[in-house]
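Build the full structure now, drawing on both the sequences and the hints.
This is what each chain is made of:
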Amino acid sequence: MSRLIYRCFFYFLGWGLVIILTVFSVASLPGHKQNISPLMTELRGVWLTNVASGVLFMPWALDRALSQLSALNFNTVYPVVWNRGYTFYNSAVAKKVTGSETEPLLSFMHGGKDSLTNLVKIAKTKGLSVIPWFEYGFMAPANSALAREHPTWLAGINVIKSSPLEEINSDFPIQQAWLNPLHPQVQKFIQGLILEVISNYDVDGVQLDDHFGMPVQFGYDRFTVQLYQREHQGKKPPTDPFNPEWMHWRADKITNFVAQIRKSVKAVKPQAKISLSPNSQAFAYKYYLQDWETWVKKGLLDELILQAYRDNQKTFISELEQPAIELARTKIPVAIGISTGTFYNPVNIAQIKKQVQIVRDRHFQGVSFFYWDSLWGYIAPESPRQRRQAFLKMFAAKAIRPL
Amino acid sequence: MPLASVPTKFSFILLWTLATFGGFLLSLLLIEISDRQGINVVESCVGGLAVALPQSLLRKQSTYIWRWVLSTLLGWGVMAMTTGAVGWIVPTPEFFLPRLLWGTTLGVTSGFGLGLAQWWLAIPKSDPWAWQWIVVSSVSWTVALPVGWSVGLFLHHLTRLYLGEVVGLALTWLIVSILTGIKADKFFG
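Chains A and B supply the protein sequences, listed in that same order. The numbering of the first sequence is our numbering, which starts it at 1 and goes up by one. The numbering of the second sequence is our numbering, which starts it at 1001 and goes up by one.
Check the hints yourself; a few may be wrong.
[Stated by the list, open to error] Partner residues aside, some chain B positions facing chain A, computed with beta carbon under 7 Å: (1) Phe1021; (2) Ser1034; (3) Val1108; (4) Val1167.
[Said to hold, decoys possible] Across the chosen pairs, the derived CB separations fall in these ranges: (5) B:Leu1097 to A:Lys354: 27 to 33 Å; (6) B:Leu1026 to A:Met40: 40 to 46 Å; (7) B:Ala1130 to A:Pro59: 40 to 46 Å; (8) B:Pro1098 to A:Asn345: 55 to 61 Å; (9) A:Gly111 to B:Asn1040: 30 to 36 Å; (10) B:Pro1098 to A:Pro241: 57 to 63 Å; (11) B:Leu1026 to A:Ala52: 19 to 25 Å; (12) A:Asn118 to B:Thr1063: 43 to 49 Å; (13) A:Asp240 to B:Leu1025: 53 to 59 Å.
Please keep in mind that the hints were generated in silico from the structure rather than gathered at the bench. Just so it is clear, the structure is predicted and the values come from calculations on it, not from any experiment. Here a beta-carbon is modelled for each residue, glycine too, at the ideal position from N, C-alpha and C.
Here it is as structure tokens:
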């Protein structure tokens, strides 16, 4: 008799498992009929980050996220692959330079398997383009292996008081080391990472962001000063970091490096896109020597996504109307990065809808949202279901990304 | 009551609370907290299963293990079709008084329904006081639901995060765990 009971019990457990699997595959997807209408062209992207987010770490989370994004007619994901001195894929280049093949927790959670391979595989089956995002650019924590083992590569240490939005949950001052973008070994390392991603994965391109520059106060390290002196008949760099010629000289070096990256990427995969998600040109150039307007003019970029993370609608609109953006729109697809909120600054769905409409009214090529967890996670003001319904209304039919 | 039974009873309440509350936390990996329309029967049953399985491990008589799971599933399944799966839903009202009233009403009916299903299928009728389980369940949910939903609303308003509502529901489950745990050992022996 007791054997019978146990059999019943385990039968029941099995049944429970079936239910769970059913929930995973069905309940997480919105029950909405696709509109059958001609495909429109619109970039609908989202950034997947490792900070304050479990999406890249939990084995089941990625599949669920990409399924939902696909069902809600998104077409692009920008997964982080370079953050805080670690790669988020198995990297031989990083292993050689930092001693770590990949971010340790990520490696542990995936049992040593390459998570980017998994992400690309799932995304492709869901019809999503993948553009790996080199979020940290030349930044690395001051205590990271990269910064500690290669002190001569550094342009300086920056104490960031008001952290960038991408840092999400760090409101306290943090020490960031900044790799010198002018240093040939730094360039070799960063370019090596980018080429590794382009060569080893079926990705649609790579994305650089606002950290792909150098804080204007830097450039007084030994290497940069010597380089400047070599090119200026022994003259020392101006003491004023905002000296126009000095700024121009450093920014040009970074531009040249971007040109070098583009050339090497295109040599490996001609159709791969070089995407950039910067701040406004004025800010990017003045404070980070990132002269992306020149990058656009020189044809170094294939896609631009302006970070317009503003709550105030007037400010948001003024960001979209900057001359550099107008110029970029005549050359390449330009989309707008919209904040869907963070833990400390939740954004309501009404604001998101309004901003998407503003972007559409001005005929931009699409939008990308920062970031996955605040699209319809618990850190949003509305329930996940309400948020998904709102996104489905905004993106009622599939759209293809701009070429 | 012998003195030795005091720590035993306390241990049971602690284990029961861990099992119930832990089961709820586990269910959050499977179910998304939502409004009433967002939780269907299957999801409600999955939630019930996540809570009932660890609880059932505390039953000494194996005969009642699967009965406990089945009765809990039945309770949550019926609830999802009638009052709503109150353990995983957030009510629509954005004001405290309606939430308190709504929480009390749903708490008493849901607690009664769940307790009735469990009494019917999983509590030995040899105990003349078995019906008390229905009262315990009703009282627990009647107290816990309005409190949890109100705290959830407060936290939601305070932080502007829906997470506040989730924390409120977690509080509901914690209160239910403790209150039912006080009596559960009597029927789980």
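Does the Cβ pair B:Leu1097, A:Lys354 satisfy 27 to 33 Å? holds (32 Å)
Minimum beta-carbon distance criterion (7 Å), B:Val1108 to chain A: violated (25 Å)
Within 53 to 59 Å: is that where the Cβ-Cβ distance between A:Asp240 and B:Leu1025 falls? With a Cβ separation near 57 Å, A:Asp240 and B:Leu1025 satisfy 53 to 59 Å, so the hint holds.
When the nearest CB of chain A is found for B:Phe1021, is that gap smaller than 7 Å? At 18 Å from the nearest chain A Cβ, B:Phe1021 fails the 7 Å test, so the hint is violated.
A range of 19 to 25 Å was offered for this pair. Does it hold for the Cβ distance of B:Leu1026 and A:Ala52? The hint (19 to 25 Å, Cβ to Cβ) holds, given that B:Leu1026 and A:Ala52 are roughly 22 Å apart.
Is 57 to 63 Å respected by the C-beta to C-beta distance linking B:Pro1098 and A:Pro241? For A:Pro241 against B:Pro1098, whose Cβ atoms are near 59 Å apart, the range 57 to 63 Å holds.
Would you check whether B:Ser1034 satisfies its interface hint, that is, whether its CB is within less than 7 Å of any CB in chain A? holds (5 Å)
Is 40 to 46 Å a correct range for the gap between the Cβ atoms of B:Ala1130 and A:Pro59? For B:Ala1130 and A:Pro59 the Cβ distance comes to about 43 Å; the hint holds.
Against the range 40 to 46 Å, how does the distance between the Cβ atoms of B:Leu1026 and A:Met40 compare: consistent or not? For B:Leu1026 and A:Met40 the Cβ distance comes to about 42 Å; the hint holds.
Do B:Pro1098 and A:Asn345 keep their Cβ atoms within the hinted range of 55 to 61 Å? Since B:Pro1098 and A:Asn345 have Cβ atoms about 29 Å apart, the given range 55 to 61 Å is violated.
I want to verify a distance hint. Is the separation of the beta carbons of A:Gly111 and B:Asn1040 within 30 to 36 Å? holds (33 Å)
When the nearest CB of chain A is found for B:Val1167, is that gap smaller than 7 Å? violated (9 Å)
The structure is inconsistent with the numbered hints 1, 3, 4 and 8, although it conforms to all the rest.
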